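Q: Given next are the chains, with one letter for each unit.
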Amino acid sequence: DAKTTQPPSMDCAEGRAANLPCNHSTISGNEYVYWYRQIHSQGPQYIIHGLKNNETNEMASLIITEDRKSSTLILPHATLRDTAVYYCIVSSDSWGKLQFGAGTQVVVTP
Amino acid sequence: DAGVTQSPTHLIKTRGQQVTLRCSPKSGHDTVSWYQQALGQGPQFIFQYYEEEERQRGNFPDRFSGHQFPNYSSELNVNALLLGDSALYLCASSLASRVYSNQPQHFGDGTRLSIL
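Sequence order for the protein chains is A and B. Residues 572 to 681 in the numbering used here are what the first sequence lists, from first letter to last. Residues 4 to 119 in the numbering used here are what the second sequence lists, from first letter to last.
No wet-lab data here; the hints were simulated from the structure. These numbers were taken from a predicted model, which means no experiment stands behind them. Fair warning: there could be bad hints in the mix.
Claimed, not checked - When the alpha-carbon atoms are kept at most 20 Å apart in a straight line, the in silico EDC-like pairs for lysine to aspartate or glutamate are as follows:
| no. | chain 1 | residue 1 | chain 2 | residue 2 |
| --- | --- | --- | --- | --- |
| 1 | A | Lys623 | B | Asp33 |
| 2 | A | Lys668 | B | Asp112 |
| 3 | A | Lys668 | B | Glu55 |
| 4 | B | Lys29 | B | Glu55 |
| 5 | A | Lys640 | B | Glu56 |
| 6 | A | Lys640 | A | Asp664 |
| 7 | A | Lys668 | B | Glu78 |
| 8 | A | Lys668 | B | Glu54 |
| 9 | A | Lys668 | B | Asp33 |
Unchecked claim - Cβ pair distances, simulated, as ranges:
| no. | chain 1 | residue 1 | chain 2 | residue 2 | range |
| --- | --- | --- | --- | --- | --- |
| 10 | B | Leu85 | A | Arg587 | 43 to 49 Å |
| 11 | B | Pro64 | A | Lys574 | 22 to 28 Å |
| 12 | B | Ala83 | A | Lys623 | 45 to 51 Å |
Glycine is no exception: its CB is placed at the ideal position from the N, C-alpha and C atoms.
Chain A extracted, bound-state conformation:
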């Protein structure tokens, strides 16, 4: 599975949009991009995933570039409860091994 690169940390003001980048330049054609987040002392929580097209659900939007070498997770209106470590993962086997990196620590401030 391809590896990903994320910034180690980001700050975001409450109520503003948070844009979290992820680079996955070696992604293969059959690999999906998954985003999870982990709030302190909890297990990872699934946010969203996509293959080629942009995706949106009640939590976030996922924008994948046309060449699929990078993506951006958008939290449209960040709240204090969105403070967490966000992990970007690429995998062709969603029910198999997930390869986590260090993720991005997002801190939402009032």
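With chain A fixed as given, assemble chain B onto it according to the hints.
A: For chain B alone, kept in the frame of chain A given last:
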């Protein structure tokens, strides 16, 4: 609809002891994966069980073993505990099905294991 449940939530052991951690998957899921998360790091894949067999395994020694029961629940066993085994152990469940391919895994909140 119960999510993934793990027990116990916290555990303290001493070096050389053995430990068993338990996981019940989300209702409707048939596959269980185990991860180890050291402080300040992302989760690392230990192994996965499907149809009561180990399907995949990460880079962990044989001291780490597991089991899956007919009701899909699972246990993680660690023998000869080392100080370095102190970590949060996470269980994730999923459904192994071509129809539901690429559906996400669901995680429990983990067992915090401390080795003294």
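Q: Under the constraints set out in the numbered hints, which ones does this structure not fulfil?
A: As far as the earlier hints go, 1 and 5 are violated by this structure, in ascending order.
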